[in-house]
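Join these two chains into a complex; the hints should help.
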Amino acid sequence: DMKVTQMPRYLIKRMGENVLLECGQDMSHETMYWYRQDPGLGLQLIYISYDVDSNSEGDIPKGYRVSRKKREHFSLILDSAKTNQTSVYFCASSSGQGDTQYFGPGTRLLVL
Amino acid sequence: QQKVQQSPESLTVSEGAMASLNCTFSDGTSNNFRWYRQHSAKGLEVLVSIFSDGEKEEGRFTAHLNRANLHVSLHIREPQPSDSAVYLCAVTGGYKVVFGSGTRLLVSP
Numbered sequence: 001d002m003k004v005t006q007m008p009r010y011l012i013k014r015m016g017e018n019v020l021l022e023c024g025q026d027m028s029h030e031t032m033y034w035y036r037q038d039p040g041l042g043l044q045l046i047y048i049s050y051d052v053d054s055n056s057e058g059d060i061p062k063g064y065r066v067s068r069k070k071r072e073h074f075s076l077i078l079d080s081a082k083t084n085q086t087s088v089y090f091c092a093s094s095s096g097q098g099d100t101q102y103f104g105p106g107t108r109l110l111v112l
Numbered sequence: 113q114q115k116v117q118q119s120p121e122s123l124t125v126s127e128g129a130m131a132s133l134n135c136t137f138s139d140g141t142s143n144n145f146r147w148y149r150q151h152s153a154k155g156l157e158v159l160v161s162i163f164s165d166g167e168k169e170e171g172r173f174t175a176h177l178n179r180a181n182l183h184v185s186l187h188i189r190e191p192q193p194s195d196s197a198v199y200l201c202a203v204t205g206g207y208k209v210v211f212g213s214g215t216r217l218l219v220s221p
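Those sequence lines, one after another, are chains A and B.
For the first sequence, the positions run 1 to 112 when my numbering is used.
For the second sequence, the positions run 113 to 221 when my numbering is used.
For reference, chain B alone in the conformation it holds in the complex (with noise of 0.2 Å):
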């Protein structure tokens, strides 16, 4: 069954500094990966998704995929203030979607 885990727990940035997230899976053959956002509270909204190796951008969100590692992250560059919220992964397989459990980003002005 697939595991997906994330890393940090929680990351503490200052405003404009580029903020990295991490995300490790356990099956390399799964469809494609998302990294979706929610705000306190609130339901959750889709950044980037990414199907194949390499590099996605989505205005200041940028994801990169490496299957052969197990690995996908989510770089944001120029964070702000509202971006405050928690990140979470989400890899598919056919209908069946597993999440990680989440990182805790803090931007700080």
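If we strip away everything but chain A, and leave its shape as in the complex, we get (with noise of 0.2 Å):
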């Protein structure tokens, strides 16, 4: 069964502190991505991830940084935490270029 998991689901932080959401995909995808989801804005592009090491910045990298060591897994990382930083972050799977995404359930984080 193809799947595509997140934790934590929910996070409340404060402000200036770190941040780790994890994403793991069962299909042995190549390509990974973050995004978040704003009302009215969107999906938004965080950072891709072609494969191990392999990671490139999307639209609105500032703020995060990632890291993918097996190829299955993929972290996004808030180093300092900000307010403006709350938001629901979804991370997405797929085989490859133009190929569909399969979208995890989401994590929302609440940075107070």
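No wet-lab data here; the hints were simulated from the structure.
Heads up, none of these hints are tricks.
Capping the alpha-carbon separation at 25 Å, the derived lysine-lysine pairs in PhoX-like fashion look like this:
(1) A:Lys82 / A:Lys13
(2) A:Lys62 / B:Lys115
(3) A:Lys69 / B:Lys208
(4) B:Lys208 / A:Lys3
(5) A:Lys62 / A:Lys13
(6) A:Lys82 / B:Lys154
(7) A:Lys82 / A:Lys62
(8) A:Lys62 / B:Lys208
(9) A:Lys70 / B:Lys208
(10) A:Lys70 / A:Lys3
(11) A:Lys13 / B:Lys154
(12) B:Lys168 / B:Lys208
(13) B:Lys154 / B:Lys208
(14) A:Lys69 / A:Lys3
(15) B:Lys115 / B:Lys208
(16) B:Lys115 / B:Lys168
(17) A:Lys3 / B:Lys154
Laid out in structure tokens, this is it:
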């Protein structure tokens, strides 16, 4: 069964704390993505990973970094979280360029 | 840079009536186009993918693509209350996917 998982599903942090969002997929997909979704702005691409240790900035990478040490696992890190990073974060994976993206259930992050 | 606009922002239809959603894009050289559905506070579910001009049907969901008019639409046949969700248009060029901001569909019984 094709699946993308995200942990945690809900997270509350204080401004200045570090945040780690985890994503896993069981489809051996090469490409993985991190997006954030805000009302009225739709889905905005933060980072793309083409494979292990091969990552590229998306449209809004500032304040974020990523890590991909295994093909099935992709992490999003917020060093010193800011209140404007409160959002819903989605991870997705696809088998390659132009292929269907499969999305995780999202992580709802609140930064106080 | 690719821009994707969806209309209407929200739509209410009666159960069983056809629902039609629209998506316009700025760059017709994109590879493919997809429609996703997002139920409240959940992930996205792909409904239909279309790569060439014309029509593509997946069950009750039909996409129509017209690259010359920079337009792709989604038609939902016999919508049910469980189809109430946000529908997102996604335009792909290479690895990059640009999403519209969505149409919120409400299907009333």
